[in-house]
Amino acid sequence: MEPIFKNELLASSIKHLHASGVIVLENAIDVKHVDALNAVLAPQAKELVNAPGRHFNFGAETGNINQAPPSDEGLMFPDIWVNQFVMPTLAAMLGPEPVLQYASGNTAIQTPSNICQPVHSDIDFPHPKFPFSMVVNIPLVDMTIENGALEVWPGTHLTTFENQVLESGQSGELPVRAIIPELLQLRKAVCPLLGRSYPKGVSLFGT
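Oh and the sequence shown: position 161 is 161 in our numbering, straight run, nothing missing.
One or more of the hints may lead you astray.
Below, simulated EDC-like cross-link-like pairs (lysine to aspartate or glutamate); rule was C-alpha separation at most 20 Å, straight line [to be verified]:
| hint | residue 1 | residue 2 |
| --- | --- | --- |
| 1 | K200 | D79 |
| 2 | K32 | E73 |
| 3 | K129 | E162 |
| 4 | K6 | E26 |
| 5 | K200 | E26 |
Quick caveat, the hints were computed from the structure, so don't treat them as lab data.
Generate coordinates for the entire structure from the input sequences, incorporating the hints supplied.
Structure follows, in structure tokens:
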């Protein structure tokens, strides 16, 4: 039987991941499965954001919280957890038996300030300049500029460690992991951020 994810498409995905550090696979996930997850997680997010002592990523004014996926067996959809397009790509990039190390939602709640997180890296330790870890993002709603879509900077997977704030006070009041503003401006001239609107049902992932 011919594989659903044809070799030429897999090869194209690998090429773009090495060059840009990110790809977007459209129509990779059944939107009914995404809607089922969102029906559980959206009400939960409203409760979490008001919980005492709640941690917010880069401060409460961003409205950005971490949210664990539901453990209900009925919501363990294969196209979410072992996607037929994502898994071959991960195996080609990382080796034949990739391991899931961490699963969490990154939920953006609108705040009166409308302040976004600073452009940042998710890793603040020295790491190889070859693929050793990858992140798979699955939007549960259509992501737009208005509701807090993910910003991606193609090609920066090779330089983010050197370009980020590594300790407090290194670059004014910028938090650790934020990208140094001068270097961000230089990057904009080469390759600005990727469009920030993604429909639900896509799988967006990178190194």
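message: Need the status of pair K129, E162: alpha-carbon distance at most 20 Å?
response: Holds, at roughly 11 Å.
query: Are the Cα positions of K200 and D79 separated by 20 Å at most?
result: Holds, at about 13 Å.
query: Is it true that the CA of K200 sits at most 20 Å from the CA of E26?
result: 9 Å, holds
- prompt: Can the restraint linking K32 and E73 be considered satisfied, given a maximum Cα separation of 20 Å?
  reply: 16 Å, holds
- request: Measure nothing beyond the straight line between the CA atoms of K6 and E26; if it is 20 Å or shorter, mark the hint as holding.
  value: Distance of about 15 Å is within 20 Å: holds.
This entry satisfies every hint, going by the numbered hints stated previously.
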